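Colleague: All chains should be built: construct the whole structure from the sequences, respecting the hints.
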Amino acid sequence: MTVAFDYTRSTGPVIGRFLTGLRDATIVGGRLGDGRVAVPPPEFDPVTHQAVTEFVELPDTGTITSWTWVSEPVAGQPLGKPFAFALITIDGADTPWLQAVDVASPDDIETGMKVRARWAEERTGSVTDLVFVADDGNAPETATPAGGTEDVGLIVTPVSLDYRYAASPEESSFFRGLAEGRILGQRCPKCRKVYVPPRGACPTDGVPTSEEVELSDVGTVTTFCVVNVPFLGQRIKPPYVSAYVLLDGADIALQHLILDIPAEEVRMGMRVKAVWKPRDEWGTSIENISHFAPTGEPDADFDSYKHHL
Amino acid sequence: MGKIPAAVIGIGQTHHRAKREDVSMAGLCREAMDRALEDAGLTLDEVDAIVIGKAPDLFEGVMMPELYLAEALGAAGKPLLRVHTAGSVGGSTAIVASSLVQAGVHKKVLTVAFEKQSESNAMWALSVPIPFVMPVHAGAGGYFAPHVRSYIRRASAPSHIGAIVAAKDRNNALKNPYAHLHNEGTTVESVLASQMLWDPIHYDETCPSSDGACAMVIAAEDVAKTYEAPAWIHGTAMRSEPTSAAERDQVNPQAGREAAAALWKATGITDPAREIDCAEIYVPFAWFEPMWLENLGFAAEGEGWKLTEAGETAIGGSLPVNMSGGVLSSNPIGASGMLRFAEAALQVRGRAGEHQVDGARRALGHAYGGGSQFFSMWVVGSEQPAN
Chain A
1 MTVAFDYTRS
11 TGPVIGRFLT
21 GLRDATIVGG
31 RLGDGRVAVP
41 PPEFDPVTHQ
51 AVTEFVELPD
61 TGTITSWTWV
71 SEPVAGQPLG
81 KPFAFALITI
91 DGADTPWLQA
101 VDVASPDDIE
111 TGMKVRARWA
121 EERTGSVTDL
131 VFVADDGNAP
141 ETATPAGGTE
151 DVGLIVTPVS
161 LDYRYAASPE
171 ESSFFRGLAE
181 GRILGQRCPK
191 CRKVYVPPRG
201 ACPTDGVPTS
211 EEVELSDVGT
221 VTTFCVVNVP
231 FLGQRIKPPY
241 VSAYVLLDGA
251 DIALQHLILD
261 IPAEEVRMGM
271 RVKAVWKPRD
281 EWGTSIENIS
291 HFAPTGEPDA
301 DFDSYKHHL
Chain B
1 MGKIPAAVIG
11 IGQTHHRAKR
21 EDVSMAGLCR
31 EAMDRALEDA
41 GLTLDEVDAI
51 VIGKAPDLFE
61 GVMMPELYLA
71 EALGAAGKPL
81 LRVHTAGSVG
91 GSTAIVASSL
101 VQAGVHKKVL
111 TVAFEKQSES
121 NAMWALSVPI
131 PFVMPVHAGA
141 GGYFAPHVRS
151 YIRRASAPSH
161 IGAIVAAKDR
171 NNALKNPYAH
181 LHNEGTTVES
191 VLASQMLWDP
201 IHYDETCPSS
211 DGACAMVIAA
221 EDVAKTYEAP
231 AWIHGTAMRS
241 EPTSAAERDQ
251 VNPQAGREAA
261 AALWKATGIT
271 DPAREIDCAE
281 IYVPFAWFEP
291 MWLENLGFAA
301 EGEGWKLTEA
311 GETAIGGSLP
321 VNMSGGVLSS
331 NPIGASGMLR
341 FAEAALQVRG
351 RAGEHQVDGA
361 RRALGHAYGG
371 GSQFFSMWVV
381 GSEQPAN
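In the order they appear, the protein sequences are chains A and B. For the first sequence, our numbering gives the first residue as 1, with consecutive numbering after it. For the second sequence, our numbering gives the first residue as 1, with consecutive numbering after it.
Hints in this document: simulated from the structure, not taken from any laboratory. Everything numeric in this text was worked out from a predicted model, so none of it was measured. We put the beta carbon where it would ideally sit given N, CA and C, even for glycine. Treat the hints with caution; some may be incorrect.
To be verified - Rough simulated footprint, nothing fancy, chain A against chain B, three-plus residues with beta-carbon under 8 Å: (1) 141-147; (2) 240-247; (3) 269-279.
To be verified - Listing some non-contacts, in silico: residues in chain B with all C-beta distances to chain A over 10 Å: (4) Ala26; (5) Ser99; (6) Arg153; (7) Asp222; (8) Lys225; (9) Ala310; (10) Gly350; (11) Gly359.
Modeller: This is the structure:
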């Protein structure tokens with residue numbers, strides 16, 4: 001399962017100025033209240049707490065104050081081959097900046113070494129617009145012109161997380177049951193309430209549950225809403241009815257989809273039955289049930305489900 | 001030893017907007033903090049500790065933003081504490097800050113809560129797939145709409161009550177320069193005519209998505225007494241419950257009822273509808289006004305909508321609710337709870353401007369979060385409590 005989103009960051013006047021500088025192949029520092037110059041510039045002065053408003057354009061050379069070797073780079077790091085991460089104090093600045101240094105081996109880098117920036121040809125206003133290399137004293141190559149003139153006020157930071165979900169023994173039993181067309185719950189030994197999906201522990205009594213209960217695939221709609229609003233990541237095309245279905249024999253409703261009836265005719269108390277997908281499409285998933293559809297029975301009395309609202 | 005009396009001596013908030021692209025998260029927080037400090041006549045150096053709150057990290061995609069924010073918030077060399085209780089976080093953050101003062105740990109605590117919804121998409125963040133659940137969920141509205149339907153059925157409420165709340169709160173927001181929505185001419189009819197998003201919830205019965213922050217300075221008795229109009233903290237309460245349990249009451253949750261009962265006991269209030277002059281209640285979907293009026297004990301079960309329908313919750317009614325325009329008019333989620341607490345304090349300080357309730361002496365601030373599972377609330381007053 002992957003959870004991914006492209007976040008849009010507002011950089012604000014200070015980080016924005018710094019990133020705009022990088023896009024233009026210029027290192028911009030911020031002058032602090034005590035006269036020191038910090039790279040990158042902090043948004044607020046760490047001593048006076050005032051907003052940093054004075055900026056200083058600095059050379060793209062500096063000195064390594066400390067470093068570490070990255071022998072096995074991982075995805076998303078500045079270089080795809082072994083490199084060093086170093087704290088570099090830019091000439092004219094007073095604080096070190098963490099940046100990548102492109103050298104062949106750990107033997108080619110040391111504290112006190114002079115370095116200069118190697119700018120990327122296409123720069124977007126990002127700390128990956130440059131890496132540092134050993135400063136051999138030769139005149140640096142001229143950076144290519146910047147790709148834009150607007151200030152870098154918004155940046156996109158994609159985030160992607162891959163999850164492998166480890167089902168608990170109770171959930172495994174529930175999922176395996178679904179793969180056989182069965183709905184399995186568990187009963188609390190103390191309050192006798194039947195939970196579906198089973199949880200392994202009763203949230204009310206805090207005791208382990210072990211007694212398995214097979215449930216009917218027929219139940220009652222306790223309450224519902226009609227989703228008319230489309231949104232990013234939505235799996236079902238709106239409009240659709242999202243309902244709480246209290247299966248016969250269960251003491252907690254599960255959420256599912258209601259179809260085979262116009263949305264405006266769905267009612268609280270309506271009796272519904274699971275409509276299973278064709279057997280060859282089954283997996284270990286609640287989605288083996290395509291949806292619930294009306295049984296045609298008379299509606300359940302409000303009193304029979306009012307404690308489940 | 002009893003609690004040390006504490007009071008709010010400074011309040012600040014941002015102008016809440018759909019997008020504050022001119023500032024970073026740090027800049028947004030500092031805007032509210034600097035206003036609260038200016039209100040209290042203090043500098044950051046004079047504050048003993050900082051307590052920050054925000055909604056779930058997925059909302060902005062920054063893990064533990066307090067790490068990056070520490071320096072900008074002026075927390076270097078001080079305790080910095082983050083509180084996290086989903087949508088109620090702004091309220092529980094203020095309560096943690098006040099507890100630090102009441103316990104005698106610190107004299108002056110600055111508390112701040114924020115949300116920058118424009119950096120993300122809360123609807124997406126609240127609808128990420130869960131392996132064993134059918135993907136029918138659709139954001140907060142999709143979660144709460146069935147429970148609103150249950151309320152309407154249980155209370156036999158007329159279908160236009162939500163629209164009365166929405167029209168009232170949107171008109172109250174016109175009096176609040178900080179409110180996100182300033183929708184002129186909102187009426188019960190216009191709300192009912194707006195699109196049905198999550199039936200039974202109309203578009204105009206839902207909160208906006210906002211960028212914003214709120215901050216307060218909370219001080220101990222000896223400091224607070226030197227101020228002209230402190231908002232004294234008369235009592236606080238927090239309670240939680242599981243998101244789902246068999247026969248859990250989603251309309252009138254036990255945790256909310258118990259938190260309210262504890263709050264009224266702590267403040268010596270026996271008849272809240274009479275003794276509370278006005279209330280800022282966390283109402284992100286209009287129908288939650290009557291639901292929470294009942295949950296809080298302002299009305300008997302099934303009777304909350306009658307207060308709303310009779311106009312008692314409007315400014316000028318017997319119990320004005322959400323004078324600021326409420327969550328329905330500004331919703332920087334992480335800050336929304338603190339805004340309720342701060343608005344209650346503004347009212348008893350007599351500094352709520354055009355949305356001031358005349359003579360407000362005791363006010364409630366309330367927040368809830370998660371699937372109605374976290375509740376936080378406080379009562380503030382213009383007079384120092386006797387106990």
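Colleague: Going through the earlier hints one by one, which of them does the structure break, listed in rising order?
Modeller: As far as the earlier hints go, 3, 4 and 6 are violated by this structure, in ascending order.
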